[in-house]
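J.: The lines below spell out each chain.
Number of protein chains: 4
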Amino acid sequence: MSELELAIRDLVVANRILAHESIVDAYGHVSVRHPHDPERYLLSCSRSPELVQRGDIMEFKLDGTPVGGDTRVPYLERFIHGGIYEARPDMNAVVHSHAEDVLPFGIAPTPLRPVIHSGGFMGARAPVWDIRDRFGDTNLLVVNMEQGRDLAQCLASNRVVLMRGHGFAAAGTVLRDVVRIAVYLPRNARVLVTAMRLGEVKGLSPGEIERRMAMKPDAPEAWRAWEYWATRAGCGDMLAARPRGVRKRPAKTRRRGR
Amino acid sequence: MSELELAIRDLVVANRILAHESIVDAYGHVSVRHPHDPERYLLSCSRSPELVQRGDIMEFKLDGTPVGGDTRVPYLERFIHGGIYEARPDMNAVVHSHAEDVLPFGIAPTPLRPVIHSGGFMGARAPVWDIRDRFGDTNLLVVNMEQGRDLAQCLASNRVVLMRGHGFAAAGTVLRDVVRIAVYLPRNARVLVTAMRLGEVKGLSPGEIERRMAMKPDAPEAWRAWEYWATRAGCGDMLAARPRGVRKRPAKTRRRGR
Amino acid sequence: MSELELAIRDLVVANRILAHESIVDAYGHVSVRHPHDPERYLLSCSRSPELVQRGDIMEFKLDGTPVGGDTRVPYLERFIHGGIYEARPDMNAVVHSHAEDVLPFGIAPTPLRPVIHSGGFMGARAPVWDIRDRFGDTNLLVVNMEQGRDLAQCLASNRVVLMRGHGFAAAGTVLRDVVRIAVYLPRNARVLVTAMRLGEVKGLSPGEIERRMAMKPDAPEAWRAWEYWATRAGCGDMLAARPRGVRKRPAKTRRRGR
Amino acid sequence: MSELELAIRDLVVANRILAHESIVDAYGHVSVRHPHDPERYLLSCSRSPELVQRGDIMEFKLDGTPVGGDTRVPYLERFIHGGIYEARPDMNAVVHSHAEDVLPFGIAPTPLRPVIHSGGFMGARAPVWDIRDRFGDTNLLVVNMEQGRDLAQCLASNRVVLMRGHGFAAAGTVLRDVVRIAVYLPRNARVLVTAMRLGEVKGLSPGEIERRMAMKPDAPEAWRAWEYWATRAGCGDMLAARPRGVRKRPAKTRRRGR
Numbered sequence: 001m002s003e004l005e006l007a008i009r010d011l012v013v014a015n016r017i018l019a020h021e022s023i024v025d026a027y028g029h030v031s032v033r034h035p036h037d038p039e040r041y042l043l044s045c046s047r048s049p050e051l052v053q054r055g056d057i058m059e060f061k062l063d064g065t066p067v068g069g070d071t072r073v074p075y076l077e078r079f080i081h082g083g084i085y086e087a088r089p090d091m092n093a094v095v096h097s098h099a100e101d102v103l104p105f106g107i108a109p110t111p112l113r114p115v116i117h118s119g120g121f122m123g124a125r126a127p128v129w130d131i132r133d134r135f136g137d138t139n140l141l142v143v144n145m146e147q148g149r150d151l152a153q154c155l156a157s158n159r160v161v162l163m164r165g166h167g168f169a170a171a172g173t174v175l176r177d178v179v180r181i182a183v184y185l186p187r188n189a190r191v192l193v194t195a196m197r198l199g200e201v202k203g204l205s206p207g208e209i210e211r212r213m214a215m216k217p218d219a220p221e222a223w224r225a226w227e228y229w230a231t232r233a234g235c236g237d238m239l240a241a242r243p244r245g246v247r248k249r250p251a252k253t254r255r256r257g258r
Numbered sequence: 001m002s003e004l005e006l007a008i009r010d011l012v013v014a015n016r017i018l019a020h021e022s023i024v025d026a027y028g029h030v031s032v033r034h035p036h037d038p039e040r041y042l043l044s045c046s047r048s049p050e051l052v053q054r055g056d057i058m059e060f061k062l063d064g065t066p067v068g069g070d071t072r073v074p075y076l077e078r079f080i081h082g083g084i085y086e087a088r089p090d091m092n093a094v095v096h097s098h099a100e101d102v103l104p105f106g107i108a109p110t111p112l113r114p115v116i117h118s119g120g121f122m123g124a125r126a127p128v129w130d131i132r133d134r135f136g137d138t139n140l141l142v143v144n145m146e147q148g149r150d151l152a153q154c155l156a157s158n159r160v161v162l163m164r165g166h167g168f169a170a171a172g173t174v175l176r177d178v179v180r181i182a183v184y185l186p187r188n189a190r191v192l193v194t195a196m197r198l199g200e201v202k203g204l205s206p207g208e209i210e211r212r213m214a215m216k217p218d219a220p221e222a223w224r225a226w227e228y229w230a231t232r233a234g235c236g237d238m239l240a241a242r243p244r245g246v247r248k249r250p251a252k253t254r255r256r257g258r
Numbered sequence: 001m002s003e004l005e006l007a008i009r010d011l012v013v014a015n016r017i018l019a020h021e022s023i024v025d026a027y028g029h030v031s032v033r034h035p036h037d038p039e040r041y042l043l044s045c046s047r048s049p050e051l052v053q054r055g056d057i058m059e060f061k062l063d064g065t066p067v068g069g070d071t072r073v074p075y076l077e078r079f080i081h082g083g084i085y086e087a088r089p090d091m092n093a094v095v096h097s098h099a100e101d102v103l104p105f106g107i108a109p110t111p112l113r114p115v116i117h118s119g120g121f122m123g124a125r126a127p128v129w130d131i132r133d134r135f136g137d138t139n140l141l142v143v144n145m146e147q148g149r150d151l152a153q154c155l156a157s158n159r160v161v162l163m164r165g166h167g168f169a170a171a172g173t174v175l176r177d178v179v180r181i182a183v184y185l186p187r188n189a190r191v192l193v194t195a196m197r198l199g200e201v202k203g204l205s206p207g208e209i210e211r212r213m214a215m216k217p218d219a220p221e222a223w224r225a226w227e228y229w230a231t232r233a234g235c236g237d238m239l240a241a242r243p244r245g246v247r248k249r250p251a252k253t254r255r256r257g258r
Numbered sequence: 001m002s003e004l005e006l007a008i009r010d011l012v013v014a015n016r017i018l019a020h021e022s023i024v025d026a027y028g029h030v031s032v033r034h035p036h037d038p039e040r041y042l043l044s045c046s047r048s049p050e051l052v053q054r055g056d057i058m059e060f061k062l063d064g065t066p067v068g069g070d071t072r073v074p075y076l077e078r079f080i081h082g083g084i085y086e087a088r089p090d091m092n093a094v095v096h097s098h099a100e101d102v103l104p105f106g107i108a109p110t111p112l113r114p115v116i117h118s119g120g121f122m123g124a125r126a127p128v129w130d131i132r133d134r135f136g137d138t139n140l141l142v143v144n145m146e147q148g149r150d151l152a153q154c155l156a157s158n159r160v161v162l163m164r165g166h167g168f169a170a171a172g173t174v175l176r177d178v179v180r181i182a183v184y185l186p187r188n189a190r191v192l193v194t195a196m197r198l199g200e201v202k203g204l205s206p207g208e209i210e211r212r213m214a215m216k217p218d219a220p221e222a223w224r225a226w227e228y229w230a231t232r233a234g235c236g237d238m239l240a241a242r243p244r245g246v247r248k249r250p251a252k253t254r255r256r257g258r
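Same order as they appear, the protein sequences are chains A, B, C and D. Heads up, the first sequence is in my numbering, so the first residue is 1 and it goes up one at a time. Heads up, the second sequence is in my numbering, so the first residue is 1 and it goes up one at a time. Heads up, the third sequence is in my numbering, so the first residue is 1 and it goes up one at a time. Heads up, the fourth sequence is in my numbering, so the first residue is 1 and it goes up one at a time.
Treat each hint with caution, since some may be false.
[Claimed, not checked] Part of the chain B face toward chain C, derived, beta carbon under 7 Å: (1) Ser46; (2) Pro66; (3) Gly69; (4) Asn139; (5) Val143; (6) Glu146.
Bear in mind the hints are in silico, worked out from the structure with no lab data behind them. We put the CB at the ideal spot given by N, CA and C, even for glycine.
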């Protein structure tokens, strides 16, 4: 498989994982920067992630223009992806999600901050972007590059930005990284909401956050989660090379609890 | 397929979607106005939506009388549908649901209002109908046209009316529209309840609500959700024509994550 | 099928429904009074309800003694059933459940009362039985007739009694009745807990409760729920006769969304 | 099967149960002390529990060194297991979990205490270990024996210790015991959180806790849960001998609700 084919295959797996873990559903999407051209990104045509196939993946310029005159219907909000790729040369994968458990933190004053170790990626707290601040009354969708750039500006050097009344956008160095962030953000949100009912909440210290952010996205512990999520989503046989010493699970035994 | 057969087929799909998305379960129902006669509507006989087949669909006059002397057992609460069709010539599809997450807003003073973009259809706030106001002590079921008309009066020009201690009724211009409303109302309710624990909640502005309500129910973004929900509910091959440029997913690959 | 065979078959279906609807899991059980002898009841041997088969059903005298010297391991807490059958000649089916959402109302002072129409069966409020009041420190299990009778005394003429730190017991005129009660009690509990966060909660009025309690357990609307739950639990082909006019769903089409 | 093969088989079943009951997911693990050598324990290589097979089980010395120069990638946090086995000769099985519902009690001052009978194993309250107390800023993972021993010291003579911002560790006399503890701890946590909204919560008395802790892990009631969980997790045919009088469920009928 060429590098491009591998990127497309992993993007399909990412779509499935995010759907299966309920981070995306009818809406939401995930993209990856083109492996050969940093001015392009790969993103499905307008289709729910659970249904996305290799043949649905389109190429876009950073400004959202489909490459090669592709006439398929694109996601209306692809400008979230382009805006972030443009502002963040260090990031190569983006998720946009409406995951319900994160939404309350986008519409109320309590900051979303890391309280469990797997939430450490978000820094001291997740910034909140309100489209109304600059664009007045809209239908809340990010439908052009001006809005996408404004969102990316709010994201700044963070990994996650909450979108008021809408959802969140996450950025990763690689696909596996942004998928992990997107899966764990709602969990941190749920734990924080519940813990607030039990008294003053002790979150991660600045030093702990720093050490969590320094963890490598391709360590064996990270691979373990990717393998698990992909297998649960029915994509176990689409997985890339695994770390040395971890034997591949033969497909026929996967479902029988042996 | 004739227009009537298409309407019946889509009504079966709607039943499945609402069941699969947990908007209806043992109870709850969905109807559509007859494509050829605005004085009639199509609704299943008394059966849980998950089990409804084409052959279960009955025709009713707006007053709830089965057409043609059909002796099958109808839903006791079909008057919810007839009452709304009678009062709202602009609406052509109705859902009645007991969805749990909406119920608290029907029995306490806090208004249910839109706080996420997908909740914008409900206007400034969802009205609450209490059957006891006009009819005193009952078993809370809407069992005649007098009650159905009273409910429709409370619905007024809105899309949704909460029914105290019971559930809600929703109205749509087309079937796809009312299904979307019914699926997203509980989500908005859940987010609002949780956000209230985080401080003062910022909801959609009047201008945002207006723009959300102006969005067309047959845009590609709306089709995406219908396709997704229908496929998850096992009705992927019963889908109507799709927007230009979106390739149909071949049935054989649908379940295998490719 | 003889009346006894029908009772056993319906008892197996009830076990499956309660398991599938998460009212029982590893623990919990359901019984029915013997159709020919009011001094006996039918109850599975000690096995999780999801796994119960016809061959697991045992007969017990009201005092918990297995009939005919049956040496299979019985449920330790069968005295819940015998105690209620003894005290309530009007009841012919009993469920014991640990359903999580009801437990908070057994360990805190807020009464569990009906706030949704499907919770009307519980009367003004569900009584709470604390085993410690009369028996001091125990492991909280009901392991003899003395405890079973004390529990039944607390149940009094109600349909449900909460068991502090443990679960609840429900009584029904027939099996379908007690299954419905057991399924809806947790739902009413969840709605009340959430509604309490939205202000003062309006529950069912005494007149509404009275009318809900007067509803017949074998009306078509009640059949609809039994058919739905049984079908979801995989027992669709074990269903008893259906109301006139409701066509049986052919087995082969049941799973295909037609 | 030799005693070692039986231990390995039961360990695979335990992995599946904990995964199916959502106590572990991508992360989390379960081990058992070696049946022939108390200075060793059995634990899978680094793999999500849902995917663990017999061939993944490795042997470790208590200090975390793989036996026999096994080069497969081990769990980074195996020192949780070794630390507890070293400190607790009375314990022979250990679970480490990130189960979400327990996390709030590790980051806020309200103690997690038993309020339902199935939570009685935790004693008066579950201790909380904060890695920062002794080790300052870390990434919160237990990655060496010094940390594992410090955790075990906090566990003391209890069955469960909460790990701030991370999860919990549980210890059992046998595998079935620790699995039961791990499954019921989150349930007790959820009930307590909800009950706190209903007024002052009545927990288990010291005498009740004592009697719950005295219950034997291999009573028929305990077997019932293990059989249920294993069957649900697809391992029904990997079960060990059952109590006298409980007939084995023939495999072919298991899924058909008979």
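J.: For every hint, state whether the structure bears it out.
T.: Outcome of the hint check:
With a cut of 7 Å, the hint placing Ser46 (chain B) at the interface with chain C holds, because the nearest CB-to-CB distance is about 5 Å. The closest approach between the C-beta of Pro66 (chain B) and any C-beta of chain C is roughly 10 Å, which is over the 7 Å cut-off, so the hint fails. With its C-beta approaching chain C no nearer than about 12 Å, Gly69 (chain B) sits outside the 7 Å limit, and its interface hint is violated. Annotation: interface hint on Asn139 (chain B) holds; nearest CB of chain C at approximately 4 Å, less than 7 Å.
At its closest, the beta carbon of Val143 (chain B) sits 11 Å from a beta carbon of chain C; the interface hint therefore is violated under the 7 Å criterion. Because the smallest distance between the Cβ of Glu146 (chain B) and any Cβ of chain C comes to about 17 Å, over 7 Å, the interface hint for this residue is violated.
Going down the numbered hints, you'll see the structure goes against 2, 3, 5, 6, while the others check out.
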